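Construct all of the structure, not just a fragment, from the sequences and the given hints.
First to last, the protein sequences are chains A and B. Sequence positions in the first sequence follow our numbering and run 1 to 126. Sequence positions in the second sequence follow our numbering and run 127 to 479.
Everything labelled a hint here was simulated from the structure, so no lab data went into it. None of the hints are false.
Per label pair, the in silico range of CB-to-CB distance:
{"id": "1", "chain 1": "B", "residue 1": "330", "chain 2": "A", "residue 2": "56", "range": "41 to 49 Å"}
{"id": "2", "chain 1": "B", "residue 1": "455", "chain 2": "A", "residue 2": "76", "range": "46 to 54 Å"}
{"id": "3", "chain 1": "A", "residue 1": "34", "chain 2": "B", "residue 2": "430", "range": "30 to 38 Å"}
{"id": "4", "chain 1": "B", "residue 1": "475", "chain 2": "A", "residue 2": "4", "range": "43 to 51 Å"}
{"id": "5", "chain 1": "B", "residue 1": "452", "chain 2": "A", "residue 2": "12", "range": "42 to 50 Å"}
{"id": "6", "chain 1": "B", "residue 1": "251", "chain 2": "A", "residue 2": "89", "range": "50 to 58 Å"}
Covered by chain B, according to a simulated footprint, are these stretches of chain A (three or more residues, beta-carbon under 8 Å):
{"id": "7", "segment": "39-48"}
{"id": "8", "segment": "54-64"}
Being a predicted model, the structure only gives us computed values, none of them experimental. Note that CB positions come from ideal geometry on N, CA and C, so glycine has one too.
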Amino acid sequence: MNVPDHLRYADSHEWIDPDSPETATVGISDHAQAELTDVVYMELPEVGRTVTKGEAFAVVESVKAANDIYAPASGEIVEVNEALAEAPEPVNEDPYGAGWLVKIKISDPSELESLHDAGSYREHVS
Amino acid sequence: MLRSPLHSRHEELGARLLPFAGWEMPIQYDGIVAEHQAVRDELGVFDISHMGEFLVSGKGVTGWLNGILTNDVRELEDGQGQYTLILNEAGGVIDDLILYREAEERYFLVVNASKIEQDEAWLKRKLRDGIVFENQSAEWGGLAVQGPKSTEIWNQLEPEIPLPNRNGIFRSNSGAILCRTGYTGEDGFELFDTNARIGEWFDHLLAAGAKPCGLGARDTLRLEKCYPLNGSDLDEEHTPLEAGLGFFVKLAKAEPFVGQDVLLGQKENGVSSKLAAIKMTGKSPPPRHGYEVRDESGENQLGELTSGSLSPSLGVGIGMVYLAPESAKPGTPLTIAIRDRVFPAEVVKKPFL
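See below:
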């Protein structure tokens, strides 16, 4: 299972890139996409929406079920991966690259400290 | 939680196991789409050890069964089977099942896992002198082998044991039961054998190229063919005529059956609802069981989906819903409420595929 070292991870399997807090990229982990299998539909928020850490802000649907995705940090949605609305396959195929979901302008960078680093997330999912 | 005799094999294969009708069963192995496609294109094998098996025999058993089941038992010859239903007094569906005539006064029934106890209680309450009812569900493991390559693979594995004809049953010398039936719309058969022996069949079939498939793919495969699922599309509030299963209801047979009066009334006066097939007309989240079905305006509720999924074969959302007959005509525009929005759909002719 792929867990890149430079990202932070939520218990609920979202990742966030802490290196650019003005446009922090968010996605779901390789573990999450493998558990979901066959992502067939993504429902993403509008640009400009403000989210609170832990708030359900998107829905990922597999053939079997609809699953909420929770904000790993509070802030404003500044960009959305519109390509996923037409073709959600990258969420499975490239969860840390083309399968990114949104970019968040983080309002409180100290929130990131409560997320897992790569080592602790590996333990969380093992 | 009950466990299949194949449980350890499922774990070794990395299956995702979830509770289903009191059993811990594989929902998927590799993924529903890949498993679905294997059955449509080649060959898949499903664990159906959770399903119920009854043996009923004795003098007068044919007439007795005919007074309980909707299809005409007297149309069966030795080695033949038929889809049939058990109804309550109000004509509502208790269970749908396959009945096989093994010999003149000996029948094998395969019933839904979730209904084993209720079916047994219902049949025992109606038991007559001379008829022997045996619930053998705990003794049999089962596999559904489904896909266009079923016959070819079976003939390689067991050239000495010919598959029965469509809907037929055959009991081998070793005691295995083969039924030429399934729930996917593809050619195939169901194989029942002892809990001790079923694992070897599973191993042989996998080695011959069958892909292990879970209940997730079983559900998408049956929905594309509009085969109803009891507990979702069938329930005690709806009759088989409302469910569109009139072909399996014989109102003029020799013995009147439980619920017949209500069905005769519906035949005469028409039904108040019909199980319709709906298809999403644009890009939308997959429709799912329980979602509200509304009129074209999205304002007025018409029903709730009894089944719904993305169709892996068609790449579009499909479902079934009980609607008033005037709304159930193919071409009728509808909407489906998904979370806080409505998405356009329309009634289509059954089946989807």
